[in-house]
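**Q** Here numbering that gives the first Met the number 0 is used: position 229 in the sequence shown is 228, and no number is missing along the way.
Don't read these hints as lab results, they were simulated from the structure.
Since the model is a prediction, treat every value here as computed from it, not as a measurement.
C-beta atoms are modelled at their ideal positions from N, C-alpha and C, and glycine is treated no differently.
Incorrect hints may have been included.
Below, simulated SDA-like cross-link-like pairs (lysine to any residue); rule was C-alpha separation at most 20 Å, straight line [said to hold, decoys possible]:
{"hint": "1", "residue 1": "Lys91", "residue 2": "Gly69"}
{"hint": "2", "residue 1": "Lys97", "residue 2": "Leu107"}
{"hint": "3", "residue 1": "Lys97", "residue 2": "Arg16"}
{"hint": "4", "residue 1": "Lys91", "residue 2": "Gly102"}
{"hint": "5", "residue 1": "Lys97", "residue 2": "Gly212"}
{"hint": "6", "residue 1": "Lys91", "residue 2": "Gly211"}
{"hint": "7", "residue 1": "Lys97", "residue 2": "Leu59"}
{"hint": "8", "residue 1": "Lys91", "residue 2": "Arg18"}
{"hint": "9", "residue 1": "Lys97", "residue 2": "Arg45"}
{"hint": "10", "residue 1": "Lys91", "residue 2": "Val177"}
{"hint": "11", "residue 1": "Lys91", "residue 2": "Asp165"}
{"hint": "12", "residue 1": "Lys91", "residue 2": "Asp207"}
{"hint": "13", "residue 1": "Lys97", "residue 2": "Leu156"}
{"hint": "14", "residue 1": "Lys91", "residue 2": "Trp205"}
{"hint": "15", "residue 1": "Lys97", "residue 2": "Gly155"}
{"hint": "16", "residue 1": "Lys97", "residue 2": "Gly153"}
{"hint": "17", "residue 1": "Lys91", "residue 2": "Asp154"}
{"hint": "18", "residue 1": "Lys97", "residue 2": "Val113"}
{"hint": "19", "residue 1": "Lys97", "residue 2": "Leu109"}
{"hint": "20", "residue 1": "Lys91", "residue 2": "Val110"}
{"hint": "21", "residue 1": "Lys91", "residue 2": "Asp74"}
{"hint": "22", "residue 1": "Lys91", "residue 2": "Gly70"}
{"hint": "23", "residue 1": "Lys97", "residue 2": "Gly211"}
{"hint": "24", "residue 1": "Lys97", "residue 2": "Gly69"}
{"hint": "25", "residue 1": "Lys91", "residue 2": "Gly212"}
{"hint": "26", "residue 1": "Lys97", "residue 2": "Ala158"}
{"hint": "27", "residue 1": "Lys97", "residue 2": "His86"}
{"hint": "28", "residue 1": "Lys91", "residue 2": "Ala158"}
{"hint": "29", "residue 1": "Lys97", "residue 2": "Leu71"}
{"hint": "30", "residue 1": "Lys91", "residue 2": "Gly153"}
Simulated DEER-style distance windows between Cβ atoms [claimed, not checked]:
{"hint": "31", "residue 1": "Asp154", "residue 2": "Cys235", "range": "38 to 48 Å"}
{"hint": "32", "residue 1": "Arg100", "residue 2": "Val12", "range": "17 to 27 Å"}
{"hint": "33", "residue 1": "Trp38", "residue 2": "Val185", "range": "30 to 40 Å"}
{"hint": "34", "residue 1": "Lys91", "residue 2": "Trp38", "range": "35 to 45 Å"}
{"hint": "35", "residue 1": "Asp207", "residue 2": "Ala94", "range": "30 to 40 Å"}
{"hint": "36", "residue 1": "Leu66", "residue 2": "Ala114", "range": "13 to 23 Å"}
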Amino acid sequence: MRRLLGAIQFLTVLPIRGRTAPPGRSALFFPLVGAGLGWLAGQWLRMLEPSLGSSLTAVLVLAFLALVTGGLHEDGLADVADALRAHRSREKMTAILKDSRIGVFGALALVYVVAMRWQALTRLPADGVRDLVACLAVSRAALVAQAWVSRPVGDGLGAAFSRDLDSITAVFAIASGVAFAFLPGVAAGAAILVAAGLSTSVLNRWFDARLGGVNGDCLGATCLVSETFALLFVSCRNCFW
0 MRRLLGAIQF LTVLPIRGRT APPGRSALFF PLVGAGLGWL AGQWLRMLEP
50 SLGSSLTAVL VLAFLALVTG GLHEDGLADV ADALRAHRSR EKMTAILKDS
100 RIGVFGALAL VYVVAMRWQA LTRLPADGVR DLVACLAVSR AALVAQAWVS
150 RPVGDGLGAA FSRDLDSITA VFAIASGVAF AFLPGVAAGA AILVAAGLST
200 SVLNRWFDAR LGGVNGDCLG ATCLVSETFA LLFVSCRNCF W
């Protein structure tokens, strides 16, 4: 139970009382917490879309997710986009990652990602709850996978999470994410896994080349980007099959 409460505490702003397990041990339940967030978002989508339309409903769903997660992953993406530009030393990039201010590249990254997720949500069917559950669960599993295979850098919470994450916890979390992926069906599940796998692999190589590993901002960025591309792939499935 402490692992589950730790996962909720780490991934959301929901108040949790009592003792919780550290994030590295709580990672076992990251996909489950993501699935729960997806289910809640799907209920909002299903309830509001008939009266508000798909476009406005999608905006409200994204606002709900940002509020309940505290913008944790959006903050990571913005910091990474600002820091990891070409022709910068690792020392300079590390300093920018610690800076709470947002720059032009960070703002642009957030605009593009929000726009893509917004458009993806407008294309989901009215019964797209399973799609959201799958995408948000897999993206949290992608975060765990990256922390497991990458070298931690720095001394922040993300680095501590990577160091505390053991192989058994990581494997079970990844397996849980894969299981959730197939809730919308085999074809949709395959699309979600391909989207999340490719985006995580590309980002992991980029982080390793630029920073020599990952920190908390990198993990948050990977979670958000993999979620975005998973939503795009699954929302466009009618175009391909």
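**Q** Checking against the hints above, which ones are violated?
**A** 1, 3, 7, 8, 9, 10, 11, 18, 20, 22, 33, 35
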